[in-house]
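S.K.: Now for the letters of each chain:
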Amino acid sequence: MAAHLSSGRVNLTALREAGRRELREFLDKCAGSKAIVWDEYLTGPFGLIAQYSLLKEHEVEKMFTLKPGRLPQADVKNIIFFVRPRLELMDIITDNVLREDRGRSPQRDFHILFVPRRSLLCEQWLKEQGVLGSFIHREQYSLDLIPFDGDLLSMESESAFKECYLESDQTTLYHAAKGLMTLQALYGTIPQIFGKGECARHVANMMIRMKREFPGSQNSIFPVFDTLLLLDRNVDLLTPLATQLTYEGLIDEIYGIQNTYVKLPPEKFAPKKQGEGGKDLPTEPKKLQLNSAEELYAEIRDKNFNAVGSVLSKKAKIISAAFEERHHAKTVGEIKQFVSQLPHMQAARSSLANHTSIAELIKDITTSEDFFDNLTVEQEFMSGIDTDKVNNYIEDCIAQKHPLIKILRLVCLQSVCNSGLKQKVLDYYKREILQTYGYEHILTLNNLEKAGLLKPQTSSRNNYPTIRKTLRLWMDDVNEQNPNDISYVYSGYAPLSVRLAQLLARPGWRSIEEVLKMLPGPHFEERQQLPTGLQKKRQHGENRVTLVFFLGGVTYAEIAALRFLSQMEDGGTEYVIATTKLINGTTWIKSLMEKLEPAPF
Amino acid sequence: WQDYSNDWSPKDTVRRMQRGKVCSLERFRSLQDKLVLLDEAVAGHDGNVITAVLIFLKRTLRREILFRELEVRQVALCHLIHFLRETGEQKLLLDLLRFLDKTEELALSQYREHLNIQDVEKRKEFLKSCIGLPFSAEDTSHIQDHYTLLERQIIIEANDRHLETAGQSEIFRKYPRKALILNKPLVTTLFYCCFYHYREPEGTFSSPDNLKKTFKIPDKQYVLTALAARAKLRAWDDVDALFTTKNWLGYTKKKAPIGFHRVVEILQRNSAPVQVLQEYVRLVEDVETRLNLATKYKCHDVVIETYRDIKDRVQLTAYKCKVERGSAEEEKINSILSN
Numbered sequence: 001m002a003a004h005l006s007s008g009r010v011n012l013t014a015l016r017e018a019g020r021r022e023l024r025e026f027l028d029k030c031a032g033s034k035a036i037v038w039d040e041y042l043t044g045p046f047g048l049i050a051q052y053s054l055l056k057e058h059e060v061e062k063m064f065t066l067k068p069g070r071l072p073q074a075d076v077k078n079i080i081f082f083v084r085p086r087l088e089l090m091d092i093i094t095d096n097v098l099r100e101d102r103g104r105s106p107q108r109d110f111h112i113l114f115v116p117r118r119s120l121l122c123e124q125w126l127k128e129q130g131v132l133g134s135f136i137h138r139e140q141y142s143l144d145l146i147p148f149d150g151d152l153l154s155m156e157s158e159s160a161f162k163e164c165y166l167e168s169d170q171t172t173l174y175h176a177a178k179g180l181m182t183l184q185a186l187y188g189t190i191p192q193i194f195g196k197g198e199c200a201r202h203v204a205n206m207m208i209r210m211k212r213e214f215p216g217s218q219n220s221i222f223p224v225f226d227t228l229l230l231l232d233r234n235v236d237l238l239t240p241l242a243t244q245l246t247y248e249g250l251i252d253e254i255y256g257i258q259n260t261y262v263k264l265p266p267e268k269f270a271p272k273k274q275g276e277g278g279k280d281l282p283t284e285p286k287k288l289q290l291n292s293a294e295e296l297y298a299e300i301r302d303k304n305f306n307a308v309g310s311v312l313s314k315k316a317k318i319i320s321a322a323f324e325e326r327h328h329a330k331t332v333g334e335i336k337q338f339v340s341q342l343p344h345m346q347a348a349r350s351s352l353a354n355h356t357s358i359a360e361l362i363k364d365i366t367t368s369e370d371f372f373d374n375l376t377v378e379q380e381f382m383s384g385i386d387t388d389k390v391n392n393y394i395e396d397c398i399a400q401k402h403p404l405i406k407i408l409r410l411v412c413l414q415s416v417c418n419s420g421l422k423q424k425v426l427d428y429y430k431r432e433i434l435q436t437y438g439y440e441h442i443l444t445l446n447n448l449e450k451a452g453l454l455k456p457q458t459s460s461r462n463n464y465p466t467i468r469k470t471l472r473l474w475m476d477d478v479n480e481q482n483p484n485d486i487s488y489v490y491s492g493y494a495p496l497s498v499r500l501a502q503l504l505a506r507p508g509w510r511s512i513e514e515v516l517k518m519l520p521g522p523h524f525e526e527r528q529q530l531p532t533g534l535q536k537k538r539q540h541g542e543n544r545v546t547l548v549f550f551l552g553g554v555t556y557a558e559i560a561a562l563r564f565l566s567q568m569e570d571g572g573t574e575y576v577i578a579t580t581k582l583i584n585g586t587t588w589i590k591s592l593m594e595k596l597e598p599a600p601f
Numbered sequence: 001w002q003d004y005s006n007d008w009s010p011k012d013t014v015r016r017m018q019r020g021k022v023c024s025l026e027r028f029r030s031l032q033d034k035l036v037l038l039d040e041a042v043a044g045h046d047g048n049v050i051t052a053v054l055i056f057l058k059r060t061l062r063r064e065i066l067f068r069e070l071e072v073r074q075v076a077l078c079h080l081i082h083f084l085r086e087t088g089e090q091k092l093l094l095d096l097l098r099f100l101d102k103t104e105e106l107a108l109s110q111y112r113e114h115l116n117i118q119d120v121e122k123r124k125e126f127l128k129s130c131i132g133l134p135f136s137a138e139d140t141s142h143i144q145d146h147y148t149l150l151e152r153q154i155i156i157e158a159n160d161r162h163l164e165t166a167g168q169s170e171i172f173r174k175y176p177r178k179a180l181i182l183n184k185p186l187v188t189t190l191f192y193c194c195f196y197h198y199r200e201p202e203g204t205f206s207s208p209d210n211l212k213k214t215f216k217i218p219d220k221q222y223v224l225t226a227l228a229a230r231a232k233l234r235a236w237d238d239v240d241a242l243f244t245t246k247n248w249l250g251y252t253k254k255k256a257p258i259g260f261h262r263v264v265e266i267l268q269r270n271s272a273p274v275q276v277l278q279e280y281v282r283l284v285e286d287v288e289t290r291l292n293l294a295t296k297y298k299c300h301d302v303v304i305e306t307y308r309d310i311k312d313r314v315q316l317t318a319y320k321c322k323v324e325r326g327s328a329e330e331e332k333i334n335s336i337l338s339n
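The listed protein sequences derive, respectively, from chains A and B.
At position 177 of the first sequence the residue is numbered 177 (UniProt numbering), and the sequence of numbers has no breaks.
At position 64 of the second sequence the residue is numbered 64 (UniProt numbering), and the sequence of numbers has no breaks.
The hints are simulated quantities; they were obtained by calculation from the structure and are not laboratory data.
Hints should not be assumed to be uniformly reliable.
What the hints assert, rightly or not - Listed next, the in silico DSS-like pairs over lysine-lysine satisfying Cα-Cα at most 27 Å (straight line): (1) B:K124 to A:K430; (2) B:K174 to B:K124; (3) B:K11 to A:K211; (4) B:K255 to A:K455; (5) A:K422 to A:K517; (6) A:K424 to B:K102; (7) B:K320 to B:K296; (8) A:K430 to B:K212; (9) A:K401 to B:K213; (10) A:K422 to B:K216; (11) B:K320 to B:K298; (12) B:K212 to B:K254; (13) B:K296 to A:K389; (14) B:K128 to A:K430; (15) B:K322 to B:K311; (16) A:K406 to B:K184; (17) B:K216 to A:K430.
Please read all numbers here as calculations on a predicted model, not as lab measurements.
Okay, chain A solo, but in the shape it has when bound (with noise of 0.2 Å):
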């Protein structure tokens, strides 16, 4: 099951074995027949490291999701709940314990497993509220980076961005800096850190002094990262905020791709069987894993969508020629040998009808003319056409009531392309907002002024345009089909996190010393000893592998971004990327809206 883990340069099998032993050696310490309580928020990740089979192996039996009240039944002698250490959280176990029945017997046991780390915060409410006796083993299951595929592994640390950037919380650094430590333990010290951000600063320092404090970390593994470049997800606020554009980009756009799942309307992959009439459509949603075990899918999930149909219709001939191969097969061998290739092409047959339906689906959004316009607007921004005055289109979206996210997506946009908004143009947004959508939004605009994504110009200096041409950020002539740049993802827009990366590895960023000065937070270089004997020489033709940290969050485009530069002839580089989170413009938007009470109405 780890074909996905294994297909990239950098074996992330390991990395998922580590995972498993801690959560082996744990369920083995509460010894006995076990049921886990689960914090919801943590079944999908831990679902990327163990499926219940293993979970069985160790005497789970039973498996209940965290909430308020009295604990199911469940004969088993073990209770062990699987919580991260939040305060609200802790007041339903609390709740829980109390309400167990000290009577029942045979007794149940309670334990706690907090991810990734144990909370003193936590433990001391849990004490103030008299039942943090009642647990016997309180342990951390130091679930840092998860691996995603092959060159993709990420925190799922969703309030990272809100953290890092609003708050100055250091505590995602620091489970960052501690997952870094744990990829350095399994694949050997990356001898060079690049950084460019305060909080890239910041998870360097904590590795140092990790390193220094913790010497039984000097291994003797031969590196397999030449490089870790950590960047702060604020030196790039503009991507995130545009739509994506990428066949994968675009599904989590529309439907979300959790974990790796993606959840679609039932409709369209309802089996059609012969002879069947008048079934009754499905009503769950299809639920579908998308990794690069599937082939297809590996293929088609980095292309721009415009360039996805006739990747489909080529499958569709191919696989159609290989089933009429059957009319072809005489001998006995070349029937078994039919035969034997069966399972595998109606695999491929069935990954094409999803990704034909898939396609469909995305292919009704993106032919509207809400999505042409919104798009349109949001190519002219970034290529620097009008950001400094009040826009028609937002302005009727706004009047129309579209979704409040969409036009806070916009009108950051706008003012992040234009280095902050004049006074009198952010005021009337803010007046249009709140009078549209109530005046509570007053924190969320606020929240997004402090994260600097919808501010007032400060000097009267716009440094987009600056950074755009020196960065060739907007290219005109984009080939979709077959693109030669990484602005493909976006039809015409490169990211300008992915670029950072590519000219770092060439020719260096002493090129941008001037750019890199208009970009908010240091940047640095570190260099990390390797114990003589380990120093790597590389072998003529091969490519450095480069570890890209985002630290508060990547974008499903930016991914395909740095595996089209991995692709690349003489690229001389292959990526593997990190974050703290995978996000697009609507799910980090909402991390920074203040969580608000539902109506009393």
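For chain A, the structure is supplied; the task is to place chain B on it using the hints.
M.R.: Positioned in the frame of chain A, the structure of chain B alone reads:
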């Protein structure tokens, strides 16, 4: 597990805590020691340890001293603020913000609390108390508006509830309300008033005119909202009046702060009859848009007139097949073509 030794220095204590050992901090009595403890914890980056030290300092230091020391320790300060938010210690948080002169953040933190107040009267009073807080000038006016709006909504809600139950008002009988008007945004409230209280004199709280003046709603927004409401009620005369102005000679003409194509859109969405739709399609300035809309919604007269005005005989002839044989429209086309 508990550490009872008296020998560990603040620095070493922090080390031990980072390794997961539970350490008692009680013996650190001097301010000096406490501050070293804090600085070491911060340098170590471990959130748990920082929290533990802050809890200890919060308990054993006088407030002013704690605040003063945190003022010059950004990371620890942010950590404490986050901690106070998480544990809901609102009062201490506000005191801290006040001390730091983080006036705007203080104001917003306070304002945020209104979301936890369900009772509308209490919420209204709370919002009133927020008005004097140190918001920016712009935000102050928004908070003021928020209060004023809720105040009005409470009055309107009470009145309309009364009208509904009395059963005498026709509009409430015909179009029963699906939700309360409390806590709704301003524009939604305006729509509501344009729907249920359109012709009320300016003096009442539920008069749309009153709303417009009180909240300085721009013309564009007002017209759009009123149009949507009146169109829903199929009150075409009201729609007409919205766009009709008398100039100084007493002549009426139609104008709109929004494009007439938008007016057409909204009317069409509310299934306006073709005669009404036609009026406004005719007023669309851009010829191409006008033709598109007229053709789309079968406003034959407008199509014909437009082709005539731009002198397009070819298209006009072609359009004949779109109208009914022997109809007035066909005759019109023929008479134009024959000059």
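S.K.: Now tell me, hint by hint, if it's right for this structure.
M.R.: Here's how the hints hold up against the structure:
Taken as a hint, the B:K124 and A:K430 pair is honoured in the structure, with Cα atoms around 22 Å apart against an allowance of 27 Å. For a cut-off of 27 Å, the pair hint linking B:K174 to B:K124 is broken: about 31 Å separates their Cα positions. Using a Cα cut-off of 27 Å, the hinted pair B:K11 and A:K211 holds, with the two alpha carbons roughly 18 Å apart. A C-alpha spacing of about 36 Å is found between B:K255 and A:K455, which places the hinted pair above 27 Å, so the restraint is violated.
This hinted pair checks out: A:K422 and A:K517 have alpha carbons roughly 23 Å apart, not beyond 27 Å. Pair hint A:K424 plus B:K102 holds up; C-alpha atoms about 25 Å apart against a cutoff of 27 Å. Between B:K320 and B:K296 the alpha-carbon distance is near 15 Å, which keeps this suggested pair within the 27 Å criterion. Taken as a hint, the A:K430 and B:K212 pair is honoured in the structure, with Cα atoms around 18 Å apart against an allowance of 27 Å.
Distance hint between A:K401 and B:K213 is fulfilled; the C-alpha atoms sit about 22 Å from each other, no more than 27 Å. About 21 Å separates the Cα atoms of A:K422 and B:K216, which keeps this hinted pair within 27 Å; it holds. Using a Cα cut-off of 27 Å, the hinted pair B:K320 and B:K298 holds, with the two alpha carbons roughly 13 Å apart. Simply put, B:K212 and B:K254 have alpha-carbon atoms about 21 Å apart, close enough for the 27 Å limit, and the pair holds.
As the CA atoms of B:K296 and A:K389 are separated by approximately 33 Å, the hinted pair breaks the 27 Å bound. Restraint check for B:K128 and A:K430: satisfied, since their Cα atoms lie roughly 21 Å apart, inside the 27 Å limit. Taking the CA atoms of B:K322 and B:K311, the gap is about 19 Å. The hint holds against a cut of 27 Å. The straight-line distance between the Cα atoms of A:K406 and B:K184 is roughly 20 Å, inside the 27 Å bound, and the hint therefore holds.
A distance of roughly 14 Å separates the Cα atoms of B:K216 and A:K430; the hinted pair therefore holds under the 27 Å criterion.
Hint compliance for this structure: hints 2, 4 and 13 are broken, all remaining hints hold.
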